[in-house]
Amino acid sequence: MARALINVPAKAKRGEIIEIKTLIQHEMETGFRVGTNGNMIPRNIITDFVCKYNGEEIFRAELHPAISANPFFTFSTIATESGTISFEWTGDNGFAAAESADITVE
Amino acid sequence: MRAAMKRVVGEATVREGKVKLDIPPLVENGNVVPVTVSVDSPMTATDYVKAIHLFNEKNPLSDVIGARLGPRAGRATLATRIRLADTQNVTAIAELSDGTFWTDSVQVIVTLAACVEGL
Numbered sequence: 001m002a003r004a005l006i007n008v009p010a011k012a013k014r015g016e017i018i019e020i021k022t023l024i025q026h027e028m029e030t031g032f033r034v035g036t037n038g039n040m041i042p043r044n045i046i047t048d049f050v051c052k053y054n055g056e057e058i059f060r061a062e063l064h065p066a067i068s069a070n071p072f073f074t075f076s077t078i079a080t081e082s083g084t085i086s087f088e089w090t091g092d093n094g095f096a097a098a099e100s101a102d103i104t105v106e
Numbered sequence: 001m002r003a004a005m006k007r008v009v010g011e012a013t014v015r016e017g018k019v020k021l022d023i024p025p026l027v028e029n030g031n032v033v034p035v036t037v038s039v040d041s042p043m044t045a046t047d048y049v050k051a052i053h054l055f056n057e058k059n060p061l062s063d064v065i066g067a068r069l070g071p072r073a074g075r076a077t078l079a080t081r082i083r084l085a086d087t088q089n090v091t092a093i094a095e096l097s098d099g100t101f102w103t104d105s106v107q108v109i110v111t112l113a114a115c116v117e118g119l
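Here the protein sequences come in this chain order: A and B.
Residue numbering for the first sequence is 1 to 106, as defined by the working numbering.
Residue numbering for the second sequence is 1 to 119, as defined by the working numbering.
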C-alpha cells in the first residue's frame with residue numbers, strides 16, 4: 001500500500017473555500033527510460049485521481065507520464081456540510097489506493 | 001502538442017486570457033517543476049470552469065494533466081508538479097461552462113532535463 005498524505009482542514013465554516021492538498025508515494029515510471037540491462041523500463045504510472053465529498057465527485061484528474069514522481073495536487077472546494085472527503089488513486093498494473101479525511105463544518 | 005490540444009478543444013477557438021499559468025521561468029531540475037494554474041472565474045452554478053488541461057511542447061508525450069472540476073471547487077486553481085524534458089513552452093487550457101476555451105503559455109528554461117538520466 002502506497003503511503004498517501006492528505007491535508008484537509010479539520011474544521012471549517014459553512015461556505016468557506018477550503019484548500020485540499022494530496023501527496024501519494026509513487027515512482028510514476030514514464031516508460032521512456034532505459035534500464036541497466038538496456039531495455040526500456042515499462043510504464044508504471046497513476047492514471048486517475050478522484051476526490052469525493054460525501055460521495056459526490058468534486059475533483060477528478062487524468063494523469064500522464066509528465067507528472068512528477070509522488071504526484072502532488074492542490075485544489076479547493078467549498079465546505080458545505082460535515083462529513084468525509086475521500087480520495088482514490090488508480091493506475092497501471094492494478095494500482096489502487098484510497099484515503100479519506102473527516103471535516104466538521106459549523 | 002497541437003494534436004493533443006485538438007483532442008481536447010476540437011474545432012472551438014482558443015482565446016488568450018482569463019487563465020494564469022504560474023511556473024518558474026528557469027528550472028534547475030526538470031523532474032520536479034511546480035506549476036499553478038488559476039482561472040479567473042466566479043465559480044457559480046451557471047458560470048464555472050469545467051476543466052483545466054496542461055500541455056507541453058517537447059516531452060515525448062504532449063499531455064501533462066487533464067483535471068475536471070465543477071462549481072463546488074469554489075476557486076478555479078490547481079497546483080501540481082510536472083516533468084519537463086527540455087527548454088520549452090508549457091500551455092494551459094481552461095474549458096468554461098459556456099463552452100469557451102482560454103489559454104496561457106509560458107516559456108520555461110530547463111537546465112537539468114527529466115527523462116534522460118540513467119538509473
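Simulated from the structure, these hints should not be mistaken for laboratory data.
Keep in mind it's a predicted model, so treat the numbers as computed, not measured.
Any given hint could be a false lead.
[Unchecked claim] Pulled from the structure, derived: some chain B residues nowhere near chain A, Cβ distances all over 12 Å:
| id | residue |
| --- | --- |
| 1 | Arg2 |
| 2 | His53 |
| 3 | Asp63 |
| 4 | Leu84 |
| 5 | Val90 |
| 6 | Ile109 |
[Stated by the list, open to error] Computed spacing ranges between beta-carbons, pair by pair:
| id | chain 1 | residue 1 | chain 2 | residue 2 | range |
| --- | --- | --- | --- | --- | --- |
| 7 | B | Asn29 | A | Ser86 | 39 to 49 Å |
| 8 | B | Asp40 | A | Glu62 | 37 to 47 Å |
| 9 | B | Gly99 | A | Asn37 | 29 to 39 Å |
[Unchecked claim] Below, computed lysine to any residue pairings styled on SDA-like, alpha-carbon distance capped at 20 Å:
| id | chain 1 | residue 1 | chain 2 | residue 2 |
| --- | --- | --- | --- | --- |
| 10 | A | Lys52 | B | Lys20 |
| 11 | A | Lys52 | B | Thr44 |
| 12 | A | Lys52 | A | Asn93 |
| 13 | B | Lys58 | B | Val8 |
| 14 | A | Lys21 | B | Lys58 |
| 15 | B | Lys20 | A | Glu19 |
All C-beta atoms in this analysis are idealised placements derived from N, C-alpha and C, irrespective of residue type, glycine included.
Comparing the hints with the structure gives:
no.: 1; hint: Arg2; verdict: holds, 16 Å
no.: 2; hint: His53; verdict: violated, 9 Å
no.: 3; hint: Asp63; verdict: violated, 4 Å
no.: 4; hint: Leu84; verdict: violated, 8 Å
no.: 5; hint: Val90; verdict: violated, 10 Å
no.: 6; hint: Ile109; verdict: holds, 17 Å
no.: 7; hint: B/Asn29 to A/Ser86: 39 to 49 Å; verdict: violated, 32 Å
no.: 8; hint: B/Asp40 to A/Glu62: 37 to 47 Å; verdict: violated, 24 Å
no.: 9; hint: B/Gly99 to A/Asn37: 29 to 39 Å; verdict: violated, 50 Å
no.: 10; hint: A/Lys52 to B/Lys20; verdict: violated, 26 Å
no.: 11; hint: A/Lys52 to B/Thr44; verdict: holds, 19 Å
no.: 12; hint: A/Lys52 to A/Asn93; verdict: violated, 24 Å
no.: 13; hint: B/Lys58 to B/Val8; verdict: holds, 18 Å
no.: 14; hint: A/Lys21 to B/Lys58; verdict: violated, 28 Å
no.: 15; hint: B/Lys20 to A/Glu19; verdict: holds, 18 Å
Hints 2, 3, 4, 5, 7, 8, 9, 10, 12 and 14 from the earlier list are contradicted by this structure; the remaining hints agree with it.
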